[in-house]
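*Asks:* Protein chains in written order, with this note's numbering: chain A, 166 to 447; chain B, 53 to 629.
Among the hints, a few may not be true.
[Said to hold, decoys possible] When the alpha-carbon atoms are kept at most 25 angstroms apart in a straight line, the in silico SDA-like pairs for lysine to any residue are as follows:
#1 B:K257 - A:L439
#2 A:K351 - B:L211
#3 A:K351 - B:K74
#4 B:K570 - B:R415
#5 B:K257 - A:A379
#6 A:K351 - B:V344
#7 B:K74 - B:I198
#8 B:K74 - B:F348
#9 A:K331 - A:D292
#10 B:K570 - B:Q473
#11 B:K74 - B:L57
#12 B:K570 - B:H480
#13 B:K127 - B:A63
#14 A:K351 - A:D339
#15 A:K351 - A:W248
#16 B:K257 - A:A332
#17 A:K331 - A:F240
#18 B:K519 - B:L466
#19 B:K570 - B:R595
#20 B:K127 - A:W427
#21 B:K257 - A:L442
#22 B:K127 - A:S426
#23 B:K257 - A:A438
#24 B:K570 - B:R587
#25 A:K351 - A:A254
#26 B:K257 - B:R465
#27 B:K74 - B:L211
#28 B:K74 - B:A316
#29 B:K519 - B:R587
#30 B:K257 - B:K519
#31 B:K257 - B:V344
#32 A:K331 - A:L308
#33 B:K570 - B:G625
#34 A:K351 - B:L347
#35 B:K257 - A:S434
Derived by calculation from the structure, the hints in this document are not laboratory data. These numbers were taken from a predicted model, which means no experiment stands behind them.
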Amino acid sequence: MPSLALLAQSLASGIFIGALYGLLGLGLSLAWGLLGQINLAHFALAFLGAYLTYQLSLAGLDPLATLALIVPAFFAFGAALHWLFARFAVSAFNSLLVTFGLTVIIEAAIQWIWSADFRRLESHYADVRYRLGTLYIPLPELLTLVLAVVLSLALWAALRYTDFGKALRASAEDAPIAQAFGVNAKALALLLSGISAALAGVAGLCIALSYTLAPSQIYAWVGVVFAVVMLGGLGSALGPLVAGIVIGVSEALTAAITAPSWAPLVSFSLLIALLLLRPEKI
Amino acid sequence: MMRTLGTLFAAGVALACVPLLKLPAFYESFLYLVFFWIVLATSWNILSGYSGYFSFGHGAFFGTGMYATATLTTKAGMPFLWTLPVCAALAALFGVAIGAVVFRAGRLRGELFALLTLAVSYVLATVILNTPIDGGPGVSLAAVAIPQLAPTAPSTFYLLALAAAIVTLAIAYAVQRAALGTGLFAIHDDEDVAEVLGVPTYRYKLAALALSCALAGAAGGIHALFVSYVTVGETFSIVVPLSVVLMSVLGGTRHWLGPAIGAALVTALLYIFTASDYAVAGRAAVGLILIVVILFMPQGVLGRFVRRKPKPASGLEFAHANARIQDLTPSVTPSGETLLSAHGVSKSFAGVQALAGVDLEVRRGEIVGLVGPNGSGKSTLINVVSGHYRADGGRIAFAGHDLTALSAHRIARLGIARTYQIPRPFAHLSVHENVTLAAMFGHAGLPRAAAEREARRWLEYTALAPKAAALPRELNLHQRKFLELARALAARPQLLLLDEVLSGLTPAEIDGAIALVKDIRAQGASIVFVEHVMRAVMQLADRIVVLSYGRVIAEGSPAAVMGRTAVVEAYLGKAHA
Chain A
166 MPSLALLAQS
176 LASGIFIGAL
186 YGLLGLGLSL
196 AWGLLGQINL
206 AHFALAFLGA
216 YLTYQLSLAG
226 LDPLATLALI
236 VPAFFAFGAA
246 LHWLFARFAV
256 SAFNSLLVTF
266 GLTVIIEAAI
276 QWIWSADFRR
286 LESHYADVRY
296 RLGTLYIPLP
306 ELLTLVLAVV
316 LSLALWAALR
326 YTDFGKALRA
336 SAEDAPIAQA
346 FGVNAKALAL
356 LLSGISAALA
366 GVAGLCIALS
376 YTLAPSQIYA
386 WVGVVFAVVM
396 LGGLGSALGP
406 LVAGIVIGVS
416 EALTAAITAP
426 SWAPLVSFSL
436 LIALLLLRPE
446 KI
Chain B
53 MMRTLGTLFA
63 AGVALACVPL
73 LKLPAFYESF
83 LYLVFFWIVL
93 ATSWNILSGY
103 SGYFSFGHGA
113 FFGTGMYATA
123 TLTTKAGMPF
133 LWTLPVCAAL
143 AALFGVAIGA
153 VVFRAGRLRG
163 ELFALLTLAV
173 SYVLATVILN
183 TPIDGGPGVS
193 LAAVAIPQLA
203 PTAPSTFYLL
213 ALAAAIVTLA
223 IAYAVQRAAL
233 GTGLFAIHDD
243 EDVAEVLGVP
253 TYRYKLAALA
263 LSCALAGAAG
273 GIHALFVSYV
283 TVGETFSIVV
293 PLSVVLMSVL
303 GGTRHWLGPA
313 IGAALVTALL
323 YIFTASDYAV
333 AGRAAVGLIL
343 IVVILFMPQG
353 VLGRFVRRKP
363 KPASGLEFAH
373 ANARIQDLTP
383 SVTPSGETLL
393 SAHGVSKSFA
403 GVQALAGVDL
413 EVRRGEIVGL
423 VGPNGSGKST
433 LINVVSGHYR
443 ADGGRIAFAG
453 HDLTALSAHR
463 IARLGIARTY
473 QIPRPFAHLS
483 VHENVTLAAM
493 FGHAGLPRAA
503 AEREARRWLE
513 YTALAPKAAA
523 LPRELNLHQR
533 KFLELARALA
543 ARPQLLLLDE
553 VLSGLTPAEI
563 DGAIALVKDI
573 RAQGASIVFV
583 EHVMRAVMQL
593 ADRIVVLSYG
603 RVIAEGSPAA
613 VMGRTAVVEA
623 YLGKAHA
């Protein structure tokens, strides 16, 4: 049995990685649940964002300031992507295949520009660590947690309390009826798809701050984040964060108690159990 | 059928002579990869393409084969070729074990099934990584003897993969042509209706999964020795299942040859680019092609270019089909004995008591009208009798069989057929195929050729023969209602359950339909029909059963029942004046 300090540290790191799962899952879940768009390219977009952060900070920009460029650019990309899906009436499943094609293209582009070697963003954030009792809390991870919590809460409130959110939920449930009641479903869908892609950009910043980058890493997150999205409930804004932290913590504890390589078993067993026992909850 | 298989095997024999040409080894290695992907994509398609259960877990079954060969050859010293049947058996067993759970647990379809299978492969990967099967560093097969099927090792692998590809394609073709394939295509379009028409959906899905897994397992076994170094990261990479899906969709999932074409195209494309200096650009090109194909040809290359060819009926068949219904020998003679008896049937949905102890008896040759206000439980009763829902309580017996615990396809086989109030044809099957399927899987249980003739006859009878080759979406509502009827009749049922066949039809169409129902009874089938068109009820029914709030409130001859105050009140409310 590992020491209490070690357990506390892995609990903390579980919360941090869980926040990143939640942040990555947030855009995915909203686009899937409310637009019927299963965007596998979300992961590739996040890595593209991470590489752009890396490149821009090489040029002297503060990593956080890169968001000013990445967020609008990604928003436009997400809106364009949904325009394409709407134009060709792509079904949910086919959107998965199309975005797989997109993933392959983005991966190739990343490899073309930045090569397949590992890249590491060297920023002043990376060296900052806070001490809390026996716990070490690195600033990049803390930033990720703050961003994930703030964005999830903001979107949750927007969906729940604003007219925009209500119209969006109505058109997700039945687009033709919502349109008959005066909801501009098309514009809302473009907006949401844009937000979703912009969220991938934000997640990319967090990845760049805490992790080493390589094009092959794109696929490493797919399984666990999909599990987070399903466990959190499709179309939910708070669900991914909660599910992400649950999975992150249970993975971290599994890794601390047994071995790190056993960690994936937890999230996927949870997902299987959920799918088999409560499929109607998704 | 034999000709296609003959061509396939002839092609196989011709290709088996390629090593005699003594080409440079990389040609054989390239062709090996083509055949390898053909096996994987085609085997995936047998379950996922045909039945619409898209699996992302193909890597798990392929991986089972890889690690079975790796373990058996290195740790148990088993000769390589002997491990291949073990690979296939293990993968099939693993698949069936998963299917037995998944296919029973509700209707997990589409993205959810894809995710579930993906999760299963990640769990398997984690287990293999952390147990002595792999343990982390991977397994090297460098010391394993390569069987001497040909002078060189590349030729041996080429021949092995070729044989696997030919066998896989032959199986895919045979499945598509067999009843299994027909049933799987029906499951793809509407699983509930398939089951109600008599397709044993659960068994068919398991069979398709077992075949699919066995082939993938064998391919994995061969590939383990080909790569000679097996790692968890490579084996269970998400790229494997995604590539398989990509190839199949690219080629066309509704045709046995589609995945093979997709696999050959993608492999060739990647190889051409890898051989040049533009490997990265090559992958991007594949991604772009995938996007373009899905957007512009969602049916795949084959689906786009192989048009549905309507089978022209020979003159003989049409002469046959012109036979009037009276010429058909009745399957049973009306005798007045009890055919269906339901006692105390109850069913509730989340607190709503849809049926609260309904008793119903239907005698042979009788037409029973089931009436009652909306929400009184008429359709639920039909759904319970046909096996779509299982009753919470009570007993239902039909022609000496207890239906209470039977699944819907067994009930259909016993001789109960139904129509749906809102027609539910199989969207991707032609009108003729829709009806043929009912004749194959229903009470009639005919072999395909006979079922096709039988279907022609009922299409003629319902005036749908000119539309035989059309897809259901090309029919209007009236025609789709008649397609429902033709499908139910082709099953040659003893008891026909009609759920509001007349709703939405014009008065003239109703008259035609009434004549048709009378005609059907003349053949000897008993009929229970749910109807709101009272004119039809009064004309057709020998006896009326009135339901209200899930209970029978009146029963008897049409004129007597419709005069009763309780019935009038149930429909119109209490008179207070």
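*Asks:* Each hint: holds or not?
*Replies:* Hint check:
no.	hint	result
1	B:K257 - A:L439	22 angstroms, holds
2	A:K351 - B:L211	54 angstroms, violated
3	A:K351 - B:K74	61 angstroms, violated
4	B:K570 - B:R415	16 angstroms, holds
5	B:K257 - A:A379	40 angstroms, violated
6	A:K351 - B:V344	23 angstroms, holds
7	B:K74 - B:I198	19 angstroms, holds
8	B:K74 - B:F348	42 angstroms, violated
9	A:K331 - A:D292	43 angstroms, violated
10	B:K570 - B:Q473	19 angstroms, holds
11	B:K74 - B:L57	28 angstroms, violated
12	B:K570 - B:H480	32 angstroms, violated
13	B:K127 - B:A63	38 angstroms, violated
14	A:K351 - A:D339	13 angstroms, holds
15	A:K351 - A:W248	9 angstroms, holds
16	B:K257 - A:A332	40 angstroms, violated
17	A:K331 - A:F240	21 angstroms, holds
18	B:K519 - B:L466	30 angstroms, violated
19	B:K570 - B:R595	14 angstroms, holds
20	B:K127 - A:W427	24 angstroms, holds
21	B:K257 - A:L442	20 angstroms, holds
22	B:K127 - A:S426	23 angstroms, holds
23	B:K257 - A:A438	21 angstroms, holds
24	B:K570 - B:R587	14 angstroms, holds
25	A:K351 - A:A254	12 angstroms, holds
26	B:K257 - B:R465	19 angstroms, holds
27	B:K74 - B:L211	14 angstroms, holds
28	B:K74 - B:A316	22 angstroms, holds
29	B:K519 - B:R587	30 angstroms, violated
30	B:K257 - B:K519	31 angstroms, violated
31	B:K257 - B:V344	31 angstroms, violated
32	A:K331 - A:L308	30 angstroms, violated
33	B:K570 - B:G625	32 angstroms, violated
34	A:K351 - B:L347	19 angstroms, holds
35	B:K257 - A:S434	23 angstroms, holds
Of the numbered hints listed earlier, those contradicted by the structure are 2, 3, 5, 8, 9, 11, 12, 13, 16, 18, 29, 30, 31, 32 and 33.
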